[in-house]
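Trainee: Residue numbers (my numbering), protein chains in the order written: chain A, 146 to 369; chain B, -1 to 292.
Honestly, the hints are just simulated from the structure, not real lab data. Where a beta carbon is used, it is the ideal one built from N, C-alpha and C, also for glycine. Errors might be hidden in some of the hints.
What the hints assert, rightly or not - Pairs of lysine to any residue residues, derived as SDA-like cross-links and limited to a Cα-Cα distance of at most 20 Å, are as follows:
(1) K150/B / S214/A
(2) K341/A / V30/B
(3) K259/A / E216/B
(4) K259/A / V30/B
What the hints assert, rightly or not - Footprint (simulated), chain A over chain B, 3 or more residues, beta carbon under 8 Å:
(5) 30 to 40
(6) 63 to 72
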Amino acid sequence: MKNTRKRPVRKEKDETMNSKATRILLRGLFAALMVSAVFAGSAGAAPAWKFESKSLEGSETILGGAFESALTVPGLTTKCENFLYKLTISNSKSGTGEGSLTELPLYNCTTSSKACTVEAIAAEKLPWASHLTTVSTSSYIVIEGVKVGILYGGEECALFETLATVTGSAGGLIDNTAETATFNSSSFSATKTALKALGSTIEWTGVFPTEAFEWHREQALTAS
Amino acid sequence: MHKSRTRMGCTAFVAVALAVLGLAGSASAKLVGEFTKFQQCPWTNAEAKKCLYSLTEGGKVILGNKEVPIVKPVTLQGAFGKPVERISPFIEATNKVTLSKTSEEVPGGLLGIVPPAGSSPLVKALSKFFFDNALTGVNATLELAKPASEIKISELNLAEEAEVALKLPVMVHLENPFLGKSCFVGSSSSPITLELTSGETSPSSPNSPISGKAGAFEFLEEGRVLQLSGNELVDNKWSAPAASGCGGILGFLVNPIINAQLGTTTKGHNTAILKNTIDIATAAAVKKNNEEHP
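Looking at chain A on its own, in the form it has when it is part of the complex (with noise of 0.2 Å):
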């Protein structure tokens, strides 16, 4: 009799719960899905290359010099004075901005020791491939594929005749306003990329600016 009795509350309180579930399962569903779009958005918001804010088609190629440029291990350092760049841009046709680094000339290196000079230094491997992508609201293009080899000389140095190879990726801040792309740790951590030189990770700081050379010239280029 007990029994037969409390049958129909415990049915009542299913289905109270079994709605109270479908509720919650269906909240749940709900937020995934805001989540999932919201994240969608994001992705399909790849950066692409923009003159004058309107999306480049085609290609176009950027020219330039490092402002500043510097490539440390603990103790060392080494730049040079003329660090160009030629780099090749499109958009996918996704719309997210490409690249291709198609030369790297690099001059008149020094480094921060009396005991070491610069022999040799020179990309290799080019062309390295290029993209734009966003973290945090902000543009960063990445370079993959970077392999620099560097000859040290200086018989008093410690790295005298041996051929550091630098190899990793690189990525970089690109600011609109000053047409520049800026490579430092922060750049390099928000993008998570590294660059490694005889089995540790290394500190590569460059500003570049960004300036069309061809049909876009003295417009300004975004990458948005």
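Given the coordinates of chain A, work out where chain B should sit on it, guided by the hints.
Mentor: Below, chain B without anything else, positioned relative to chain A:
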């Protein structure tokens, strides 16, 4: 005439004294700062291009069943010449101590050494007498099995964590009152050849790949000294010959017991992990530092 001779004598004496003092000054020239580590670098040798000082302060050597942790620092020092296809020949330290003979304690010593089950009662009794007592502590010392010139080093492989960074022909000297003075695993004719890498190994089974690391590098003395700290060199694909020379005249009994204790020491059963701090400077930089501090 007499006074003149005296003056000449005095002048000569002073000249000799000055020369002696000059030589003494030259002999007492010393290295300072980070260069003091290179005291035993043969930088006067024309073949020596770079000086090396490596201090192993940790790691372990597993030989068959026995694992010996490296507790006391071991030093590898000397110089290396110009590389040919990335590999440089090594040049012996000036004090001839290229690899320091540092005794490491074998945990457990000889306690627990049990002769093979099929051994005769005499062997079992001798084993109990020799090894089951308070004097059974054993030290193991890694010694060079060949001249230092047989060591090979690759500075680039070391830094790039690729292939063999250091090829070291060694033998393990087991020391204990009962083992005598000539108990070795490996010899000059049959050395243990360690091919240490800062990269990943590719050993035979049952060992599995392990990785070393180049470590963090830093330039000291304004770029004249390169220091790799946290460096780890590993090899677990080497083989070791059987122990020999153990137990003196009782070698016929003791050698098999030691070998049984070590177990299988063929490829895939041994490991060497050396945790180092490595300093490198050019011979020219060391020479200059020496000349600057007479």
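Trainee: Confirm or reject each hint.
Mentor: Hints, verified against the model:
Pair hint K150/B plus S214/A does not hold up; C-alpha atoms about 38 Å apart against a cutoff of 20 Å. Only pairs whose Cα atoms come within 20 Å are accepted, and K341/A paired with V30/B is rejected, the gap being roughly 31 Å. The hinted pair formed by K259/A and E216/B meets the criterion: a straight-line CA distance of about 16 Å does not exceed 20 Å. The hinted pair formed by K259/A and V30/B meets the criterion: a straight-line CA distance of about 18 Å does not exceed 20 Å.
Evaluation of the coverage hint for the region 30 to 40 of chain B: breached, as 0 residues show C-beta separations to chain A shorter than 8 Å, against a requirement of three. Check result for the region 63 to 72 of chain B against chain A: violated, 0 residues qualifying (beta carbon to beta carbon below 8 Å, three or more required).
Of the hints listed earlier, those the structure fails to meet are numbers 1, 2, 5, 6, in rising order.
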